[in-house]
Amino acid sequence: MATRKIPARLAVRKTLKMYSGGAFIRSESGRVLPLSAGKGEPVVNVPEASRKDLRNAVVAARKAQTGWAGRTAFNQSQILYRAAEMLEGRRESFIARLAATGGRKADETARREVDLAIDVLVGYAGWPDKIGQVFGGTNPVAAPFFNITSPEALGVVGIVAPATPPLLGLVASIAPVIAGGNTCVVLLPAEASLIGLELGEVLATSDLPGGVVNLLSAPQAGTLAHLAGHADVDGLLATAITAEDHREIETLGAETLKRIVVLPEAPGMDQAPADIVSPYRMLSFLEMKTAWHPIGV
Amino acid sequence: MATNESSTLRTPRRLLFGDLWTYAPAPESRDIVRLQPRYGHFIDGAFTEGGETMQTINPATEEVLAEVAVGTSEDVDRAVKAARRALDGPWGRMSGAERGKFLYRIARLIQEHARELAVLESLDGGKPIRESRDIDIPLAAAHFFYYAGWADKLGYAVPGAQVGPVGVAGQIIPWNFPLLMAAWKLAPALACGNTLVLKPAENTPLTAMRLAELILEADLPPGVVNIVNGAGATGSALVEHPGVNKIAFTGSTAVGRHIQRAIAGSGKKLTLELGGKGANIIFEDAPIDQAVEGIVAGIFFNQGHVCCAGSRLLVQESIHDEVMEKLRWRMQSLRVGDPLDKNTDVGAINSREQLERIQTLVASGVEAGGQLYQCPGDLPEKGFFFRPSVFTGLAQSARVAQEEIFGPVLTVLTFRTPEEAIERANNTPYGLSAGVWSDKGSRLFMVAGAMRAGVVWGNTFNRFDPTSPFGGYKESGFGREGGRHGLLPYLEVR
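Chains as they are written, first to last, in numbering that gives the first Met the number 0: chain X, 0 to 296; chain G, 0 to 493.
Please keep in mind that the hints were generated in silico from the structure rather than gathered at the bench.
Heads up, some of the hints might be wrong.
[To be verified] Simulated restraints, written as ranges between beta carbons of each label pair:
| no. | chain 1 | residue 1 | chain 2 | residue 2 | range |
| --- | --- | --- | --- | --- | --- |
| 1 | X | Lys51 | G | Asp87 | 47 to 57 Å |
| 2 | X | Gly209 | G | Thr416 | 27 to 37 Å |
| 3 | X | Val133 | G | Arg351 | 45 to 55 Å |
| 4 | G | Phe46 | X | Glu190 | 52 to 62 Å |
| 5 | X | Val260 | G | Glu419 | 32 to 42 Å |
| 6 | X | Val260 | G | Gly154 | 22 to 32 Å |
| 7 | G | Ser363 | X | Ala230 | 17 to 27 Å |
| 8 | G | Ala96 | X | Gly209 | 45 to 55 Å |
| 9 | X | Thr204 | G | Gly242 | 46 to 56 Å |
| 10 | G | Asp284 | X | Ala162 | 53 to 63 Å |
The beta carbon of each residue, even a glycine, is placed where N, CA and C say it ideally should be.
Input sequences plus hints: build the corresponding full structure.
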């Protein structure tokens with residue numbers, strides 16, 4: 000047996016943790032899924048989110064929601080832009096992570112994906128203080144009343160991120176949801192967990208209040224159904240799920256009349272940021288409130 | 000020193016309308032309505048006989064008005080196929096401007112037949128002629144008129160996106176505002192270039208069938224609008240038909256939930272306008288007399304058969320007694336009776352089934368220890384009537400304070416602080432409407448902003464307009480009807 004050479008300095012490996020309620024946590028179940036981080040890289044033990052982890056994350060998301068929605072739109076915009084700044088700052092490490100698990104042309108694809116993810120964040124950073132102007136407004140009712148419609152956050156949104164592209168798919172799911180004042184609980188498929196949990200470290204340093212985004216990795220069986228049936232989750236956004244899962248989450252979500260959006264595929268790497276950033280994605284998780292008041296004496 | 004002022008104060012004399020003299024009957028003539036003995040369906044531009052029938056009755060007299068066909072899944076299938084052909088045919092190729100002109104025609108035809116439609120609506124559904132004449136029918140016409148103008152301007156409604164119709168819409172409407180709900184469904188769907196199959200409520204199909212005749216008179220291409228009568232099974236057949244691209248439903252939360260489950264995974268678009276348990280919040284600085292009118296309009300309008308009714312009154316503790324005294328006084332002048340009488344304020348309960356449901360829930364309120372006040376006076380001997388009723392002294396947990404009654408029954412709760420009012424108002428799975436009464440602007444904005452409800456009326460209640468979006472939060476459903484927002488459910492946005 001060949002003896003392994005001991006390096007002069009031992010590298011410090013990172014324990015990847017889930018990001019929930021503003022804290023980095025292991026799964027309460029104690030279970031981990033060993034995942035390859037690429038050839039020559041040490042195996043990463045990713046926490047396997049349990050249903051209890053999910054319930055805790057929903058509690059954190061609910062607790063954070065009113066405060067997040069109550070921030071000024073300007074402040075929300077700045078925080079989303081801050082997230083883009085943080086991601087830009089860790090650009091090389093994300094490219095390396097993505098490239099390590101890719102095949103040929105991995106560097107080029109990874110670079111493209113990270114750039115798109117940053118630009119999508121910047122795109123959505125501009126929306127919080129404009130969505131109400133573009134999609135709300137006064138209504139000319141045929142009586143002496145002032146009548147105005149304005150969008151409000153839906154509440155807590157459950158997100159099923161696509162397996163690939165892991166970073167862009169995740170950012171394109173989260174950004175429109177939180178830009179509207181919602182908080183979210185994200186289930187990361189195992190394949191997207193390494194990158195997804197790294198993004199948690201970006202968000203944690205972006206002045207985003209704890210609990211606004213909660214990232215749960217490698218969910219155990221039954222977690223998706225638990226999310227869809229959870230009575231304190233108001234909406235669901237799922238990308239690239241199977242037909243059976245689609246039917247199941249819509250069936251379970253009907254119990255509390257959830258707003259459910261199922262996207263057949265993740266954003267493509269050939270798309271421009273402007274094709275990905277859409278206020279219509281935000282509108283799916285906004286409620287329109289219309290207020291009336293008499294005009295007169 | 001000043002004289003003792005109290006010696007000059009007198010108890011104000013109050014005049015109770017209808018108490019010192021009797022009203023002469025003022026019935027609207029029903030001669031303007033020509034009923035057919037039997038109604039079928041309206042499919043592919045033609046009236047069909049249909050098979051098995053059900054009866055539609057006048058709930059104020061229990062008189063049978065007509066036999067109405069019960070649509071089978073074959074009828075639904077023919078209607079959906081006709082709608083698809085129309086979509087692939089002339090309607091799909093027509094310019095928005097031309098589509099709009101058809102809608103303007105329909106609006107005008109409704110206006111021209113407004114009196115007839117109002118009488119028919121009151122006959123079939125039991126609502127006071129004053130309301131069908133002044134609210135339901137004019138608003139129905141206004142809805143067509145409003146959406147007619149959108150048909151050639153859809154690009155402006157959806158900035159930055161390309162739009163097209165969704166396809167064939169299946170629309171199911173309730174019995175509380177039969178023609179108005181048909182207008183809410185038809186007008187935006189047609190403006191956006193869709194074709195549709197409408198299922199009216201089984202209790203109130205008559206104005207929809209009269210609308211079909213007007214649609215025929217407007218020369219709308221065959222198959223663009225199809226109407227299939229029937230009850231739940233007919234609705235299910237429509238919901239589950241694979242040729243339908245979009246479902247729009249107005250009705251109970253239980254049925255809405257069932258529909259959402261039934262189409263799970265199908266990719267069909269869905270909008271639901273469901274139940275409510277609206278809070279009407281009165282602060283101590285509110286204009287009390289106006290607020291009392293608002294309470295009455297909030298719960299007794301249309302016999303309380305209103306999904307956005309202000310059925311939970313939240314009164315600040317300091318003015319509770321004053322508000323209740325004035326409300327009881329005001330309720331004494333409400334006239335309950337013949338829907339066709341122009342002086343009637345509260346008409347007939349829509350069906351025996353609904354009357355029994357109201358009676359059961361009110362009994363549960365009495366059993367729970369609530370104090371019940373009801374309007375005095377005689378009720379007609381025949382027909383389905385229920386006295387406008389108010390419960391006080393009940394806990395928030397009482398059934399009548401939690402469940403949608405869909406009748407003229409108000410539950411009164413109190414609060415001390417604005418925070419408590421907000422908490423209590425939002426403490427329901429529903430989120431359709433709320434009312435806030437206060438003279439203080441900053442408080443009104445704060446409370447209106449905190450309401451988890453799709454429509455908030457400040458110092459008013461139960462106002463509707465075609466330009467004003469309507470729809471719920473939470474378990475009151477999703478999607479908006481009315482206004483620019485009412486177009487989105489009927490557009491494919493690319």
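Against the structure, the hints come out as follows:
1. Lys51(X) with Asp87(G): 47 to 57 Å: holds, 52 Å
2. Gly209(X) with Thr416(G): 27 to 37 Å: holds, 29 Å
3. Val133(X) with Arg351(G): 45 to 55 Å: Once the Cβ atoms are compared, 49 Å apart, the range 45 to 55 Å for Arg351(G) and Val133(X) holds.
4. Phe46(G) with Glu190(X): 52 to 62 Å: holds, 58 Å
5. Val260(X) with Glu419(G): 32 to 42 Å: holds, 36 Å
6. Val260(X) with Gly154(G): 22 to 32 Å: holds, 23 Å
7. Ser363(G) with Ala230(X): 17 to 27 Å: holds, 25 Å
8. Ala96(G) with Gly209(X): 45 to 55 Å: holds, 54 Å
9. Thr204(X) with Gly242(G): 46 to 56 Å: Given range 46 to 56 Å: holds, Cβ gap about 52 Å.
10. Asp284(G) with Ala162(X): 53 to 63 Å: Roughly 57 Å apart at Cβ, these two residues keep to the hinted range, so it holds.
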